[in-house]
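Put the complex together from the two separate chains, hints included.
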Amino acid sequence: MNSESEDSQTLVAGRRADRQLVCVYLPELAVHQAGRAAGWPDAAPAALWQLQQNRQILACVSRSAGAAGLSVGMRLADARALLPEAVFAPFDPAALAGLLDRLARWAWRYSPLAGSDPAASLFWIEAGGASHLQGGPAALLADLDNRLTAAGLSGHIAMAPCYGAAFALACHAARPGQPICLSGPDFASSSGSLSGSLSGRRRALIAALSPLPVAALRLEADILAGLAQAGLHKIGPLLGQKRASLTVRFGPQLVWRRDQLLGDRDERLQPLPVEQPALVSRSWAEPISGPEALAQMITDLITDMTGLMARRQLQCRLLEIGWQRVDGQCGSQHFALSRPTRAASLLRRLTADLACHIDAGFGIEYGWARAGRLSFGLPENLQLDRRPSPSSLLDDLVDHLSARLGSEKIRRLQPVRQWQPDKAQQSLPAAALDQPPLWALPGPDSLSAPRPLRLLSPPEQLEATALLPDHAPRLLRWRGQNWVVQRASGPERIGPPWWQTSQPARRSTDYYRLETENGARLWVGRHGLPERGEQAEWVLHGFFA
Amino acid sequence: MDRKAAFNALKKQILLPFDQPAAGRMAFAVDRLDQALGGGLAKGRAHLVTGSLLDGAVAGFLLAVLGRLLAGASPQAPVVCCGSPRGLAGQLYGPGLAQLGFDPARLVLVCESHPLRGMGAAEEALACPGVGAVIADYGMLASRPDMWQKAARRLQLAAEQGGTTAFVTAVSAPAAGFETGWQLAAARLDGSGWQPGWSVALQHSRGGRPWSGLLSWQPHSHRFTDIKQASPHPLAKPGRKARADRQAA
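Just so you know, the sequences run in chain order Y and W. Sequential numbering of the first sequence, starting at 1, is according to our numbering. Sequential numbering of the second sequence, starting at 1001, is according to our numbering.
Okay, chain W solo, but in the shape it has when bound (with noise of 0.2 Å):
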């Protein structure tokens, strides 16, 4: 019993710094999530999300995650986002930002086919002072593992001297070097209506540890909620879950 007790003791003082969100940390407010992050997602850093092109999940969990981002910043704290002007994932559609709570005004679009002008691109957005984030769409630059380290590198230290925060976005891509990795996918998620909600699985965290699961977005109140603490939907069917549950995996 004392064993036992000491043993909670030491456990509780190892997650201590994980129950309250640390200073230049962003909370998600979803326990594991922010325990496995090491109190939440860090800011003024470089992270990295992969997904498939072919849906929404990349963009829509960015910009859930932009949403309690900027939350406290000034509302007019310009987004820069760098990509190639063709993507085969089509466009930002500033309509559907709206609808989702997110002011298309804030968007400031760099539109650079060329990866490395791109990245340098981001690395001077990161260096200018009142910009609220940088997003850059450059995963094609992972096929060259020497430039893709090299680039990773340079982003995350000019996130760290800026103080801004960074988004990588890849289909897939190798996460050393970044804050953070995130491989994003599509869930239907039973009884959310037609509320956005991911399977979001974190591969890699600095300092902290991997996690997966589902969260679901409440897009205007910017809350995410973990969708295996929500109380289960009475009519869900077990085995769609555990197909959902095995497609996170």
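Chain Y on its own, in the form it takes in the complex (with noise of 0.2 Å):
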């Protein structure tokens, strides 16, 4: 590295000293909020686990329970017979990654630039600019770290001009009560001679990196394994090391992190949306009443509303038309679609009926439109292709019969893998499905079992008479109804779900096709086993065409 080099990357890196990226790591995160769901005492060892290559590994684990020896990475049977009183519980990551969204969305009280990466259990902020209305950049530390406190979480705080820096001491040096501050005017003149320079800065940056692990460059896990069995397992060596010889031996990704750790390589943060309210009003001097002032009053709303959002070219999936009345009432309707919108068309025939229903009382004086779960859309002239699509079609009949009849009673069915016969199909409201269900069609030739056409859910009880315990049965007996069975295919035996089988009343079904003497096919099943000696309980499960 010549001198020239060196010199232009403490310009790049000067350009962003006064960035003040704040990490919080927050490691019992996911374990706090599945022991405040479950209702576990709070001082209780408790451990998250996860499938990984179909073995169950702690991914999670609260501080008592690391203090008696487990930790992440461990296997759930090690973690068992260690430490048998702690409480285990599955991960969900899902629900991790929308608590630390709501937690980078509370941040926005320090600064509106914030985000997560719920990979790492961690939400940042960028307090540069926005710092000083909390006193600098310690006083937003310490307040940071009070207000965590006080909501019984324990986040490890970093800050740094860089994400990289900021991430590597939060996760590997910072200490809960104890926030890192690398950052700012307080650590410019504070740190050695050379204070407030940008070289000395760099150097106390350094200083405080360097004796931390290599695992705080957020490398994949071979580049670790490699750095290793080079010996190289701080970061003070590494950063001694010509950047040549590293991507030779170890690829491109290294000296990238290498260099976003001091800020002399960018980094994309992608912060939390402000999401800005879609929202137009009208007022009147005199307040309206009557259906055909009312449907105008919807129709100026849904004009307004659409002009909006085309301008900032959006397109919205709910639709909230809402009325003051002059006594100081107010009502509103909700209207949910299917695919995001913004034309006028689709919104005025879904609130056609509206304004019958509006009670005006003595009149309305005020009235909005608000929209809703916003997404961005092109505007109408970009798209060539304007003839509706089927699917654009069938969405449309889901938001009309939706607004007609509630979205809770439009349904379709969904596929499940499940053997179960009650449980390989699910009915979802169709406003809640994002794409269509997808169905195996098996054809003609298909060896699969026979499946009837119409499902008895619950199976309803039958008696049946056989002329064996193990054979088809012969006479049906079903509300009040005698059928002679004249033919029989089966039987085809399904078992209950082998991880219930702890439950007594779970049994294998022995599912027959039979043909009355009037020709009605029926899915009959027995509950039981006869040959295990267990109670047979004829069940009548559908009907065949």
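Calculated directly from the structure, the hints in this document are not laboratory data. Don't take every hint at face value.
Sample of chain W residues facing chain Y (criterion: CB under 8 Å; computed from the structure) [to be verified]:
1) K1012
2) L1092
3) G1096
4) D1103
5) V1131
Between beta-carbon pairs, the in silico distance windows are [stated by the list, open to error]:
6) W:K1043 x Y:Q313: 39 to 45 Å
7) W:G1163 x Y:Q426: 29 to 35 Å
8) Y:G251 x W:A1073: 53 to 59 Å
9) W:A1176 x Y:P291: 32 to 38 Å
10) Y:R373 x W:L1157: 33 to 39 Å
11) Y:S283 x W:S1143: 47 to 53 Å
12) W:R1153 x Y:P458: 23 to 29 Å
13) Y:P469 x W:L1088: 27 to 33 Å
14) W:Q1218 x Y:Q426: 42 to 48 Å
15) Y:Q426 x W:A1176: 36 to 42 Å
16) W:K1043 x Y:E463: 41 to 47 Å
Derived, one-sided and incomplete: chain Y residues facing chain W with beta-carbon distance under 8 Å [what the hints assert, rightly or not]:
17) S154
18) H400
19) R412
20) L438
21) L456
22) Q461
23) S489
24) R493
25) E515
26) G542
27) F543
Each residue gets a CB set at the ideal place from its N, CA and C atoms; glycine is no exception.
Here it is, written out as structure tokens:
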């Protein structure tokens, strides 16, 4: 590395010297969350596990469990043997990501730029230009730490001029209650003889990062293994290596990460989007009433709203029309949409009946429309193919029926990979489905076992008489009807879910396809296996075509 | 002789429109049934299908008709099924539908137990473009003849306007006001294996004539077979067939 490139790097770093990135690492957050949801005692040792390559591996460990010897990456069976009194539960990454997003949103109190990294269980705040509102970086960190402690969370907090350094310090150096501050004017004035100068800051940063393990560099597992093989365990020795030799040996990622650690290479962070409410309103000098005037109000509001969404290139999946009466009472109506839209014609059709249902009282003086669940949408003139696609027609139909009857009543069938006949399909509200359900259609020569056209769920009790205990029935009696069975095929044995066999009521079922004398084709099951000496119980489960 | 030839020519002339499936009609490819229907099942009309709840005949027959009806339509054209969520005869079962070659993803279920609201939803669905067919299971309305007449008429009008075919299912209901009225029953068909088949009676057909017979159905090729036309099974007992015919009658 020659002196010229050293200078240019210092300059690049210098341009970002006023950045103040705060990383808050919350290693026990997932355990806290699961514990609060399930009501575990606070101090109880607890751990969460997840499946990794079909092995149950601990993913998050509480402090007391950590003190007792459990660690992340340990097998669940080993952990159970080591600490039988601990509580174990499966790890829910989606719930953790949601909580971190909420925490990042809470951190908008410090700065409008905040985001989360669920994989590392941390959230970050870009406090540059905003920390003086809290009384400086140190005061901000102290306030953040106090508030997290008050909420029962132990956060490892670090502030640095770049994300890589803040990440490394928070995850590997900071302790709860002792935030690390390597940024801002306080740090500049307190660091050594070269106080305030760029190289002085950089030197202090290097000094703070050098003793950290190389795992703080966010590298892939094989690079970490290679570094361990080469004897490079700490960041300090790595900083002295030449980039060419590192790239040759470990690939480009290591050099990128090293540059990002000191802020020499830019890193794109994704802050949480700040949603601007899409709201339009109208008020009238004289209160309005009557269906025509109200219909005009709704049309005007929708025209304003679609204009607003077109200007901001947005589309909505939820529309709220609200109104305020002269006596101060407010009312509103929500319309959910299956797909994002800002088509005024569709919104008008959805709200066509609304005017008749508004109770205007002595008149309405204020009305508003609000769009929710917004997403980005191209302006119409950029969409070349304007023909409505079949799926969009279906969405319109679902929206229309949902607006009329309620979205819970419009349903579609979704396949479920379960061999239990009851559970092989799921009826879901059509508005909740993002994609059309995908069914496997067996061909005419498929050897799949027959399934009925109509399923009785739950199955109905049936009186049956069979010649032998393990034979198909000959006589059936159901709802006062007698059937003589003429033909039978089967049985098809469907076992209970094996993971629930502890319940004694769960038994295997033998299913027969029967044809009665008058031609009805039935799907009849026998709960309980006669060869095991179980009491047989016949049920009617469905009808074939 | 002259008189007979003239009579035959006249007969042919009368039957001529029935020989080819007219536009806007779905032919069953069963000659006598298509003749009775005047060329096939009219599309864009409302049809009544009655039958017992305690077998799969009505659902199976509708599925078979839909299979033919939607053969040329878009594979995503939805089929809207309006009915009570808790029916006596259970619910449509996706894996069973898929085995008969009908994609359950096409189904849009409207679970509305109030018959008037349900019929309203069916009308709404008929007015939407791109819908393949609409099925309404509100036979309970038939106990109120005035409402039944009105609902049938409204549905028929909506189907005509939207060009979408509607089916109303019931246990038993008067077919006045509908384009056709069908009575379905399960039937034993000798020698057809487990292939679906029913005893079908076309009781009312506007501009056509009644018909009854046994139909069997090949699910994946969407083909109906008139059992009386097919060569009789060599081992079929005559008694059983006569019994099936009696039932159909």
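Hints, verified against the model:
About 37 Å separates the beta-carbon of K1012 (chain W) from the nearest beta-carbon of chain Y, more than 8 Å, and the hint is not met. At a threshold of 8 Å, the smallest CB-CB gap from L1092 (chain W) to chain Y is about 6 Å, leaving the interface hint in force. Because the closest C-beta pair between G1096 (chain W) and chain Y is about 4 Å apart, less than 8 Å, the hint holds. Annotation: interface hint on D1103 (chain W) holds; nearest CB of chain Y at approximately 6 Å, less than 8 Å.
Residue-level restraint check for V1131 (chain W) holds (minimum Cβ-Cβ distance to chain Y is 6 Å; threshold 8 Å). Remark: the range hint 39 to 45 Å for K1043 (chain W) to Q313 (chain Y) is upheld by a beta-carbon distance near 42 Å. A hinted range of 29 to 35 Å holds for the C-beta pair G1163 (chain W) and Q426 (chain Y), which are about 33 Å apart. For the pair G251 (chain Y) and A1073 (chain W), the supplied restraint of 53 to 59 Å holds, since their beta-carbon distance comes to about 54 Å.
About 36 Å separates the C-beta atoms of A1176 (chain W) and P291 (chain Y), a value consistent with the hinted range of 32 to 38 Å. Our hint of 33 to 39 Å for R373 (chain Y) and L1157 (chain W) holds, since their Cβ atoms are close to 37 Å apart. Roughly 51 Å separates the CB atoms of S283 (chain Y) and S1143 (chain W), a value that falls within the hinted 47 to 53 Å. Range check, R1153 (chain W) to P458 (chain Y): Cβ separation about 39 Å, and the 23 to 29 Å hint is violated.
P469 (chain Y) and L1088 (chain W) have their C-beta atoms about 30 Å apart, which keeps the hinted 27 to 33 Å range intact. Checked against the hint of 42 to 48 Å, the pair Q1218 (chain W) and Q426 (chain Y) fails, with Cβ atoms roughly 30 Å apart. Range check, Q426 (chain Y) to A1176 (chain W): Cβ separation about 40 Å, and the 36 to 42 Å hint holds. The beta-carbon spacing between K1043 (chain W) and E463 (chain Y), approximately 45 Å, falls within the hinted interval of 41 to 47 Å.
A least Cβ separation of about 49 Å between S154 (chain Y) and chain W goes past the 8 Å threshold, and the interface hint is therefore violated. A least Cβ separation of about 6 Å between H400 (chain Y) and chain W falls short of the 8 Å threshold, and the interface hint therefore holds. Look at R412 (chain Y): its Cβ gets to within about 6 Å of chain W, closer than 8 Å, so that hint holds up. Evaluation of the L438 (chain Y) hint against chain W yields a held restraint, the C-beta minimum of about 7 Å falling below 8 Å.
A distance limit of 8 Å between C-beta atoms decides the matter here; for L456 (chain Y) the minimum to chain W is near 4 Å, and the interface restraint holds. Hint on Q461 (chain Y) is violated. Least Cβ distance to chain W is approximately 14 Å, over the 8 Å limit. This hint holds: S489 (chain Y) has a C-beta 7 Å from the nearest C-beta of chain W, less than the 8 Å allowed. For R493 (chain Y), the interface hint is violated, the least distance from its beta-carbon to any beta-carbon of chain W being 17 Å, above 8 Å.
Nearest Cβ of chain W to the Cβ of E515 (chain Y): about 7 Å, under the 8 Å cut. The hint holds. Interface restraint check: G542 (chain Y) against chain W, minimum CB-CB distance 6 Å, threshold 8 Å, status holds. Hint status for F543 (chain Y): holds, given a least beta-carbon distance of 4 Å to chain W, under 8 Å.
Of the numbered hints stated above, those contradicted by the structure are hints 1, 12, 14, 17, 22 and 24, listed in ascending order.
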